[in-house]
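> Listed below are the residues making up each chain.
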Amino acid sequence: MFSTVTIDWYIILSVTLFTIGAMGVLLRRNAIIVFMSVEMMLNSANLLFVAFARQLGDLDGQVLTFFVITVAAAEVAVGLALIVTIFRTKHSISIDEINSLKG
Amino acid sequence: MGSPILFFILAFIAVLSALGMLLSRNAIYSALFLVLNFVTIAILYLVLNAPFIAMVQITVYAGAIMVLFLFVIMLLGAERLGGVASSRDWEWATAGILGGVLLLVFMLELVLKPGGGTTELAATFIDTSPAALGMRLFEAYVFPFELTGVLLLAAMIGVVVLGRTKKRGKDV
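The listed protein sequences derive, respectively, from chains A and B.
Under my numbering, the residues of the first sequence are numbered 1 to 103, in order.
Under my numbering, the residues of the second sequence are numbered 1001 to 1172, in order.
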């Protein structure tokens, strides 16, 4: 059973990382760390894409990973700009303080 | 899909660094743990016959995105804000239960797999050179690729608009 690495092991690893990321989103107050947790969740999905591309002998999984990375990069740029803007008006990035749409 | 020992070492480091990111008091340490996590997953990509994705992972994720994160953390001086200690006990309990349920649902999917458990691995290594990836990208995925360009442009304009200061009379 432990002689070769099967797809199941990659699924377990990816699910574990995804869960840790989700718990980070739930637990942390620092908006930047919430963003980092989201990045980790995206990354665990990427790992699964690549693992299934290897499993099925197909290139499509790897191409889809590109799109995920692109979306993640755009999301981080906009998200961090939002955080900087919120910090300018509220002088805090704790997500408990961000409770109104209008600064 | 690689030797089990290598997989175990890498998976161990990945999970440990993920937990380190979750539990660090200092946001800088969280970011550095996340870099370690990304590099570990890049090595797993190498094991999975995806060398180009691995390099993209290191340059884009561990390079560009994490530098942006660290830059913003240091710019705002936000490294000690809202540590784990500020979370209350019932929040830990709720998050733990929700995380456990999530994990359980995913694992259930794995156990109840209709195929009976054996997973056949593709026998041959396919060509995953940048050239092959590029051909696939520009043949089957041209429209999503163009949409990606629009998305990046929209993100860039959005960031410029958000980052603008409010002084109307002077420049802008």
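For the record, the hints were derived by calculation from the structure and aren't laboratory data.
Note that the coordinates shown come from a computational prediction; the quantities given were computed from them, not determined experimentally.
Any given hint might turn out to be false.
What the hints assert, rightly or not - Covered, in the sense of this in silico footprint (three residues per stretch, anywhere, with C-beta under 8 Å from a C-beta of chain B), are these stretches of chain A: (1) 14–20; (2) 24–34; (3) 42–53; (4) 59–71.
Here a beta-carbon is modelled for each residue, glycine too, at the ideal position from N, C-alpha and C.
> Taking a Cβ-to-Cβ distance below 8 Å as contact, does the region 14–20 of chain A have at least three residues touching chain B?
It holds: at least three residues are needed, and the region 14–20 of chain A offers 6 whose Cβ sits within less than 8 Å of chain B.
> Test coverage of the region 24–34 of chain A by chain B using CB-CB distances below 8 Å; three residues minimum.
Since three or more residues must qualify, the claim that chain B covers the region 24–34 of chain A holds, with 8 doing so at under 8 Å.
> Against chain B, does the region 59–71 of chain A show at least 3 residues with beta-carbon separation below 8 Å?
With 10 residues close enough to chain B, the hint holds.
> Do at least three Cβ atoms from the region 42–53 of chain A come closer than 8 Å to Cβ atoms of chain B?
Coverage by chain B holds here, the residue count being 6 at a Cβ distance below 8 Å.
Of the numbered hints stated above, none is contradicted by the structure.
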